[in-house]
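Just so you know, the sequences run in chain order A and B.
Residue 0 is where the first sequence starts when you use numbering that gives the first Met the number 0, and the numbers rise one by one after that.
Residue 0 is where the second sequence starts when you use numbering that gives the first Met the number 0, and the numbers rise one by one after that.
FYI, nobody ran anything at the bench for these hints, they're computed from the structure.
Quantities reported herein were computed from a predicted structural model and do not represent experimental measurements.
Virtual Cβ for every residue (Gly too), placed ideally from N, Cα, C.
Some clues are possibly wrong.
Computed far set for chain B versus chain A, every beta-carbon distance over 10 angstroms [to be verified]: (1) 51; (2) 108; (3) 113; (4) 116; (5) 124; (6) 139; (7) 162; (8) 233; (9) 248; (10) 252.
A partial selection of chain B residues facing chain A, derived with a Cβ cut-off under 7 angstroms [stated by the list, open to error]: (11) 117; (12) 274; (13) 277.
On the chain B side, residues computed to face chain A include the following (Cβ under 7 angstroms) [to be verified]: (14) 82; (15) 107; (16) 275.
Protein chains: 2
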Amino acid sequence: MSLFSGLSAFPLTPLLDDAVDERAFAGIIERLADAGVDSITALGSTGSYAYLTVEERAQVAALAVEHAGDVPVFVGVGALRTSHVLANVERAEQAGARGLLLAPMTYQPLTHDDVFELFRSVAERTELPVIVYDNPGTTRFAFTVELYARIAELPGVSAIKIPGAPRDPVDARRHVDTIRAAVPERVTVGISGDAFAAAGLNAGCDSWYSVIGGTLPEPAVAITRAALGGRPHEATAESQRLAPLWALFAEFGGSVRVVAAIAEHLGLAREGCLPLPLRGLAREQRARVVETVTALGLV
Amino acid sequence: MSLFSGLSAFPLTPLLDDAVDERAFAGIIERLADAGVDSITALGSTGSYAYLTVEERAQVAALAVEHAGDVPVFVGVGALRTSHVLANVERAEQAGARGLLLAPMTYQPLTHDDVFELFRSVAERTELPVIVYDNPGTTRFAFTVELYARIAELPGVSAIKIPGAPRDPVDARRHVDTIRAAVPERVTVGISGDAFAAAGLNAGCDSWYSVIGGTLPEPAVAITRAALGGRPHEATAESQRLAPLWALFAEFGGSVRVVAAIAEHLGLAREGCLPLPLRGLAREQRARVVETVTALGLV
Chain A
0 MSLFSGLSAF
10 PLTPLLDDAV
20 DERAFAGIIE
30 RLADAGVDSI
40 TALGSTGSYA
50 YLTVEERAQV
60 AALAVEHAGD
70 VPVFVGVGAL
80 RTSHVLANVE
90 RAEQAGARGL
100 LLAPMTYQPL
110 THDDVFELFR
120 SVAERTELPV
130 IVYDNPGTTR
140 FAFTVELYAR
150 IAELPGVSAI
160 KIPGAPRDPV
170 DARRHVDTIR
180 AAVPERVTVG
190 ISGDAFAAAG
200 LNAGCDSWYS
210 VIGGTLPEPA
220 VAITRAALGG
230 RPHEATAESQ
240 RLAPLWALFA
250 EFGGSVRVVA
260 AIAEHLGLAR
270 EGCLPLPLRG
280 LAREQRARVV
290 ETVTALGLV
Chain B
0 MSLFSGLSAF
10 PLTPLLDDAV
20 DERAFAGIIE
30 RLADAGVDSI
40 TALGSTGSYA
50 YLTVEERAQV
60 AALAVEHAGD
70 VPVFVGVGAL
80 RTSHVLANVE
90 RAEQAGARGL
100 LLAPMTYQPL
110 THDDVFELFR
120 SVAERTELPV
130 IVYDNPGTTR
140 FAFTVELYAR
150 IAELPGVSAI
160 KIPGAPRDPV
170 DARRHVDTIR
180 AAVPERVTVG
190 ISGDAFAAAG
200 LNAGCDSWYS
210 VIGGTLPEPA
220 VAITRAALGG
230 RPHEATAESQ
240 RLAPLWALFA
250 EFGGSVRVVA
260 AIAEHLGLAR
270 EGCLPLPLRG
280 LAREQRARVV
290 ETVTALGLV
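If we strip away everything but chain A, and leave its shape as in the complex, we get (with noise of 0.2 angstroms):
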């Protein structure tokens, strides 16, 4: 199995007092360890990564490596400005990731060419295998398929995590195959957007760049192994029985603040464990989340 295949959990990075809460990430690292992911990637979106300096992510990817036990870690290295990047890949491969995740953050609108200097500013600088981060939710970058084949030619670019897929099995498949076509085999496609994990793991994707396999990665773990090992069904059936959940994603502004609630309901992270301005769950939004998520049996 590739590096970039199976399950790769994103952790939160919860901060306390606006730095961050070493133990308590220690604590989510370890237990998405003993859950049995397939990878860990720590600083993605879920993580974060945005919004902590260069120090805090260089701090956080060391965390990430010394808790994850023989569980391999990708780090994001993504920022708005390339030399920034390029400081974040330097300490990701000091403290040991395996592998990098890279989205095109944006302020100015980036052209194509823009972005695609930029993975190769990145491919040219590091040994480590680079996962495209295609997240157009928080990049406000959109990636075509020619622009996913031009930067997969570079050496060194392993994956591309996609941004959900057609919810109609056959269109899935064919977007997929679609992405499959246009790039080198050695590039993995991985899917992500949770409520499209299993329609995407069923079209054919190697891989999920799972949020809430980064808070409770149970049910993220059998909806992978069903679809990976044959069983389609069953992976659809468990997804779809989680529809509640990816409803509160959709419903309360992405799936960042929903997966912060639940880890410190679980008593995973502190209350206010996101960077401000990001403000948690109000509370009945919040008694709404415990509410399904217990419903669900996750907690």
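Keeping the supplied structure of chain A fixed, place chain B upon it in accordance with the hints.
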């Protein structure tokens, strides 16, 4: 005249070898002061604030104040994380800024409450007046008039920078009047989006937060003086004369790459003055920019 009336020029922050080009920046600031702009806003979107470190931003703020003579300097303090915003506020105060420009930068989408609390945190921490910076093209945050009103109640909030205005003069006037009616009288309303500036000023805006004014101040001064001096047709005519330039802003994905090309052409900045991954315009695009500003008599 209020501190937040008239033309506020937004200079580039030119880089050289990935560091602030101090000499070039000082030259740009002196050029703006000489041209008689009413204020200078350092570290706006045009000034690449989002890409610079707290230390670089302190350096830029100090240089701007040092070289602006009697012209008041406002400083952009926005950042993704509230604690970083507050660090920028402190450094801007130390540099001698006369006002602060605050945009709600986003990675994870922000709620209205998040943004209100961000502005409250800043207003509580400083005696300096704050300009609300509404720039959805870069921040991807959409203000509403209700949110303007809520933020404008905070003591210290002194101005709102709105992103454009309706083309039709009656609609534009209604839009500006709606905002004015919703906020305290002490709060000025300024227009941005250079193509809309004459329309916005003619519709009753107090000020123009101007990209082009940061690199080619004379035409921006002329439009502002005409509009605020009761000569709306003169302002409109000059803006319409510059339509080929506004068209390039739209065609080339925003104003910053175009003004960087103009500054580089004029020798105000060295080639490649924007922070990577933002690449400058391609050769043919640069040629069209130079041709256009030359034909308009702007250089």
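Okay, the hints, checked on the actual structure:
1. For residue 51 (chain B), the requirement that its beta carbon stay farther than 10 angstroms from each beta carbon of chain A is not met, with the minimum near 8 angstroms.
2. Separation of residue 108 (chain B) from chain A is inadequate, the least Cβ-Cβ distance of about 6 angstroms not exceeding the 10 angstroms criterion.
3. Not every beta carbon of chain A lies more than 10 angstroms from that of residue 113 (chain B), the smallest distance being close to 4 angstroms; the non-interface claim is violated.
4. Annotated as non-interface, residue 116 (chain B) brings its C-beta within 10 angstroms of a C-beta of chain A; the closest such distance is 6 angstroms.
5. For residue 124 (chain B), the condition that its CB be more than 10 angstroms from all CB atoms of chain A holds, with the nearest at approximately 13 angstroms.
6. Against the 10 angstroms criterion, residue 139 (chain B) falls within the reach of chain A, whose nearest CB is about 5 angstroms from its own CB.
7. For residue 162 (chain B), the shortest C-beta to C-beta distance to chain A comes to about 15 angstroms, beyond the 10 angstroms cut-off, and the non-interface label holds.
8. Here residue 233 (chain B) stays apart from chain A, with its beta-carbon at least about 32 angstroms from theirs, past the 10 angstroms limit.
9. Chain A leaves residue 248 (chain B) outside its interface by the beta-carbon criterion, the shortest separation being 12 angstroms against a cut-off of 10 angstroms.
10. Non-interface call for residue 252 (chain B) relative to chain A: violated, since the shortest CB-CB distance, roughly 6 angstroms, does not exceed 10 angstroms.
11. Because the closest C-beta pair between residue 117 (chain B) and chain A is about 4 angstroms apart, less than 7 angstroms, the hint holds.
12. Contact between residue 274 (chain B) and chain A, as hinted, is supported at the beta carbon level, the nearest pair being about 5 angstroms apart and thus within 7 angstroms.
13. Among the interface hints, the one on residue 277 (chain B) holds; its C-beta lies about 6 angstroms from the nearest C-beta in chain A, closer than the 7 angstroms criterion.
14. With 7 angstroms as the threshold, the beta carbon of residue 82 (chain B) comes within range of chain A, its nearest partner Cβ sitting at about 5 angstroms, so the hint holds.
15. Against a cut-off of 7 angstroms between C-beta atoms, the interface hint on residue 107 (chain B) holds, since the closest Cβ of chain A lies about 6 angstroms away.
16. At about 4 angstroms, the closest approach between the beta carbon of residue 275 (chain B) and any beta carbon in chain A falls short of 7 angstroms, and the interface hint on this residue holds.
Checked against the numbered hints given earlier, this structure breaks hints 1, 2, 3, 4, 6, 10; the rest are met.
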